[in-house]
Amino acid sequence: MSDKEKLQQEQAFADWLDGKSDDYQADDNTQWQTRKSAAQAIEHHVAMSEEVPVPAWDRAGSFTSDKTPFWQWQGLPILSMACSVFAIALVLFKVELVIQDNGLLLSFSGGNAQLQDEKFAKLVDAKLHSFAQEQQVVLANYAADIKVKQQDNNLQLASYIMGASRQERKEDISDFIQYINAQRKDELLEQKIKYQALEEAIKYRKTYQQGNVKGFGLQQDEVSSTPVNWTTEE
Amino acid sequence: MFERSDETLVKQALKGKKSAWITLVKRYEKNLYNYTLRMVSNPEDALDLMQDVFMAVFRNLASFRGDSPFKGWLFKIAHYRCIEFYRRKKPTQSLDDVPEQEEQASDACPELHLFSGQQANILNIAMQTLPVNQKLVVELKFFQHCTFDDIAQQLGVSVNTVKSRLYSALDKLKCHLEIEDVR
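For the record, the sequence lines run as chains A and B. When we follow the numbering used here, the leftmost residue of the first sequence carries the number 1, and every step to the right adds one. When we follow the numbering used here, the leftmost residue of the second sequence carries the number 235, and every step to the right adds one.
Fair warning: there could be bad hints in the mix.
Using C-beta positions, here's what the derived DEER-type ranges look like [as the list claims (entries may be wrong)]:
#1 B:D383 - A:D23: 15 to 25 Å
#2 A:S84 - B:G390: 26 to 36 Å
#3 B:V391 - A:S80: 29 to 39 Å
#4 B:Q378 - A:D15: 10 to 20 Å
#5 B:K310 - A:E50: 18 to 28 Å
#6 A:D101 - B:K251: 21 to 31 Å
#7 B:K305 - A:W57: 12 to 22 Å
#8 A:D15 - B:A296: 32 to 42 Å
#9 A:G111 - B:K251: 19 to 29 Å
#10 A:D18 - B:G390: 15 to 25 Å
#11 A:V98 - B:K251: 27 to 37 Å
30 Å max Cα-Cα, derived BS3-like pairs, lysine-lysine [what the hints assert, rightly or not]:
#12 A:K20 - B:K305
#13 B:K408 - A:K36
#14 A:K20 - A:K36
These aren't lab readings, by the way, just hints derived from the structure by calculation. Since the model is a prediction, treat every value here as computed from it, not as a measurement. Note that CB positions come from ideal geometry on N, CA and C, so glycine has one too.
Build out the structure end to end from the sequences listed, making use of the hints.
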């Protein structure tokens, strides 16, 4: 058998083993026929064999995850130590962090307290100053109001006084006028009485002289006499 | 029911999901255990070897790119681990040498008796007479149903070398199988 035929035989056998050909005819070649028989015997045993069940074993034991939980992170102790040192440093250096409207204020060694005191003092001064100004304005307004009210009161009082005095004067004058009028009435009445008396006297005298009647109540010289005590009657 | 693919289970196991890894292990442990059992012929060693393979697979899981099937990648690692097992067990013996028979040890192990009592005992006993390299080729060819190209790729040798090893194995097994059949 030539080498080419041997190669062909071997290739045909390999193709049969790989399942590329359905059957392999080994002809008279005992070697390939023997191998084919062995392969068929093995396949028969494999087909008849049963798989052995797996004994119990720790399947999870082969699972060794590299992803450790965060609480088992190796840097955690170092991080905690660093945080502790940082916290101690904050306490020792009296670090204060103040959040303000216009930003953050970081101060050391109580510097913030002084700044805060100064700031509070300035703030109190400013508040007091503004309060004083406000009070001055309030007082000025109050004084102006008082002044205006006082002027009004004075004006009202003056008007009242003037009115009252005018009324009083008017009443006084009215009384006086009434008195004068009463006096005049009395005088007129007295004058009338006197005139009547005089007239009577004159009439009497005339009559007396005509009848020579003398001294009817009045002397000749006493004709000019006036009513007695007229002032006391008033 | 819907079954997750190997690639999906590998990704989930890489993310730390233990259940995915256990599912993957359960999917292939029987094939792998029977493979190791045929290779080492000792249930205890086979179990140790299987665990060793799974641990090696898990350690190298991140390097699995999914270009080839997971099963092929798993058994490729298993082959290397199996060769390492033999080299560790008998450092002075070549992988092409015929191993010494350990009949006493087989007799001492009742589990192996159970294993040997099954239908495949004749073939398995015959395979113990083969060198490791030939045993690997027979395993891949007849139990894993790989082609010569696949075997050559998995073992990292040429196709002609694979064929040579297989033909030598067939010649030896024929004798043993005929003897066993005669018995």
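Point to revise | Structure-inconsistent hints, enumerated in ascending order | key: 2, 3, 6, 9 and 11
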